[in-house]
Structures are given as C-alpha cells and as structure tokens.
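Asker: Sequence:
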Amino acid sequence: MSNEGFFEKVYRVAKLIPHGRVTSYGAIAKHLGAAGSARMVGWAMNGSNNKDVPAHRVVNRNGLLTGKHHFQGTNLMQQLLESEGILVVDNKIQNFEKHFWDPKNEL
DNA sequence: GATTTGACTACTA
DNA sequence: GTAGTAGCCAAAT
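Remember, my numbering sits 1 above the position in the first sequence when you count from 1.
Hints were generated in silico from the structure; no laboratory data involved. Certain hints may be false.
[Unchecked claim] Derived DSBU-like pairs: lysine-lysine, alpha-carbon spacing no greater than 30 angstroms straight-line:
(1) Lys69 with Lys52
(2) Lys105 with Lys52
(3) Lys99 with Lys69
(4) Lys93 with Lys10
(5) Lys10 with Lys69
[Unchecked claim] Ranges between beta-carbon positions, derived for each pair:
(6) Leu17 with Gly37: 19 to 25 angstroms
(7) Asn76 with Gly34: 18 to 24 angstroms
(8) Leu17 with Asn96: 30 to 36 angstroms
Glycine included, C-beta positions come from ideal geometry on N, C-alpha and C.
Work out the full structure: start from the sequences and follow the hints.
Answerer: The following block contains the structure:
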C-alpha cells in the first residue's frame with residue numbers, strides 16, 4: 002500500500018525477519034528502495050519500540066549491536082539474540098554471515 | 001521552510 | 001587492521 006510511510010515499511014520487513022536470523026540496516030533500506038538510507042531504518046526502529054518489531058534482530062553491517070544502547074536494560078538485546086540461538090560476544094554477533102538474513106533473498 | 005539529528009555505510013589515510 | 005571523514009535520506013524541532 003502506498004499509504005504507508007517509511008516507518009511502516011521498515012516495520013513490515015523487520016517483522017518478517019525469521020526467528021534466529023539477523024539483518025542489517027542497509028539491507029532493509031535497500032529492500033525498501035532507499036539504499037543508502039540505512040540511518041532511516043535505525044530512526045524508524047526508534048519508533049518501533051512499542052511495535053512488534055524485533056529490533057534486536059537488526060544490527061549494523063559489522064554484526065555489532067550498535068543499537069543495544071537504545072534497548073531497555075543493558076544486555077537485553079544480546080540476551081534476546083542468544084535466546085534465538087545466535088552467539089553474541091562483546092555485543093558482536095558471531096558467524097554474522099551465517100545468521101544474516103537478506104529480505105531480498107527471501108522476499 | 002530551514003536546521004539538526006540519527007540504532008549506518010563506504011571510502012580514504 | 002584501525003581511525004577518521006564524508007555522504008546519505010527522512011523525520012523532528
């Protein structure tokens with residue numbers, strides 16, 4: 002639907018992230034056609050706090066939990082990822098490529 | 001309507 | 001391999 006704003010699009014894709022998988026801001030942005038607007042995805046996540054968007058599955062290109070500071074507690078994001086079978090060490094996802102989920106590859 | 005910000009990415013030194 | 005800078009676009013003030 003074209004009545005959706007940029008945020009809605011991000012939310013939709015983020016909700017499509019399968020369990021135990023992660024993706025990067027740039028990948029989502031590119032899928033939305035806003036390649037280069039990776040920051041916008043992060044901004045959208047800022048408002049996805051109250052949504053059903055698994056923002057903890059969205060990390061930067063390095064697999065680093067840069068947005069973990071925006072979550073509640075301190076290691077909540079890491080805990081959620083580890084709970085899904087993703088190994089996280091020092092706020093960084095291990096085997097990031099292995100857990101990487103490309104929306105364009107699935108959609 | 002212009003300025004600032006922001007959970008990024010890529011390039012360069 | 002690490003560090004710093006620039007480019008990016010959309011929303012909030």
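Asker: All hints, please: hold or fail.
Answerer: Checked hints:
no., hint, in the structure
1, Lys69 with Lys52, "holds, 17 angstroms"
2, Lys105 with Lys52, "holds, 23 angstroms"
3, Lys99 with Lys69, "holds, 21 angstroms"
4, Lys93 with Lys10, "holds, 26 angstroms"
5, Lys10 with Lys69, "holds, 22 angstroms"
6, Leu17 with Gly37: 19 to 25 angstroms, "holds, 21 angstroms"
7, Asn76 with Gly34: 18 to 24 angstroms, "violated, 34 angstroms"
8, Leu17 with Asn96: 30 to 36 angstroms, "violated, 21 angstroms"
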